[in-house]
Amino acid sequence: MPCCNLVSSGRPSSLRLAPHSDGCANGGAITLSDLARLVGGALDGDIDGNILGIARLEDATMDEVSFCALREYRGHLSGTGAAAVIVANDFEPPRDVRNKLAFIRVDNPYLAVAQVVNHFFPEDEFPPSIHPSAVIDDSAEIGEDVSVDARVVIGANCAIGARTRLGVGCVLSEDARVGSDCHLLPNVTLYPAVVIGDRVVIHAGAVVGSDGFGYATEGDKHVKIPQVGDVVIGDDVEIGANACIDRAALGTTLIADGTKIDNLVQIGHNCEVGPNSILCGQVGVSGSTQIGEGVLIGGQAGLNGHLTVGDGAMIAGGSGVTSSVPAGCQVGGYPHLEASRWRRVVAALRTLPELGRRVHRLEALHAGEKEEEE
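Letter 134 of the sequence shown, counting from 1, is numbered 134 in my numbering, and no numbers are missing.
Quick caveat, the hints were computed from the structure, so don't treat them as lab data. Incorrect hints may appear among the rest.
[Said to hold, decoys possible] Simulated restraints on C-beta separations:
1. 223 / 136: 32 to 40 Å
2. 31 / 125: 25 to 33 Å
3. 33 / 351: 48 to 56 Å
[To be verified] As a list, the in silico SDA-like pairs of lysine to any residue whose alpha-carbon atoms are at most 25 Å apart:
4. 100 / 48
5. 260 / 79
6. 260 / 310
7. 100 / 44
8. 260 / 185
9. 260 / 48
10. 100 / 125
11. 260 / 168
12. 224 / 304
13. 224 / 207
14. 260 / 224
15. 224 / 213
16. 100 / 38
17. 260 / 284
18. 260 / 235
The C-beta atom is built at its ideal place from N, Cα and C for all residues, glycine as well.
The task is simple: from the sequences and hints, build the whole structure.
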């Protein structure tokens, strides 16, 4: 779930066309009316002209567009220099800007922003190549137009699909399989027998297939339970930097098609995550938990093992989930409660200091009355 409006964090605040070394720009300039058609929107305003980029409301200039998807940013509209602002169809602009700005009205502003950025900055093409420092076992199968960067290690019986890119220092252990059109960024590690689908992106430092955390206690010792299962990652999955997905003790740890996993997420052994779910940063999922389709889990939430989270459930950030969550249910807090009840509890907690003072005054008053009676 998007949570910002192109908030700067050391990156450029404006995404504009820049010439390549050959003098050609990444993407073509486009008129405002054509841009509206590109995103399936309606242009509300008389302005038209060439657009060269997209920027934050407070940084945009007359040859750029911006967007306003959250009410918190409406205050920036009066000062923006953007040629037009992408907004939702039902967006009502403040009165002072209604006749000053053009708007592109769309069903989904965030999707429109993605389309605009992709127009101006299409993904770079990497020519197929294998760096001379890469170590590739003779038994590995390398598909057409694969790009292998420096110090990559590809073990025995690995298979890599067409047009896949392996960044600097990636390690594919024996029997690992990576599909077509994937991108593994620097220092990704795949343990043995990991299977990666097509069009998967795995960011730097992620580890897929490390041992699950399984031990049997004997007296004062912890005896490791061998983790001999595997990991299967579906198509169109994205895995964030330094995320870890453990292999199953027996069977399979599964991440289904279209799921997006943020940085620093830990998924335990034998977990299954259904299609098109989102796990935000620092989520921890204990072993053998089953997560359904279209589930949203907020940052730093923790889930006990051997639970079921039903399709379409939503778990608030920072929650501690100690029992199964039904399909479509929204929960939050620790231990987790149904969302509306959790909000009432939080509201009540804020009144506790004043309630404490009131109780103290009543106790003092009661003690004084008792002394008078005596």
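Hint by hint, where does the structure go against what was stated? Just the numbers, ascending. Violated: hints 5, 9, 10 and 14.
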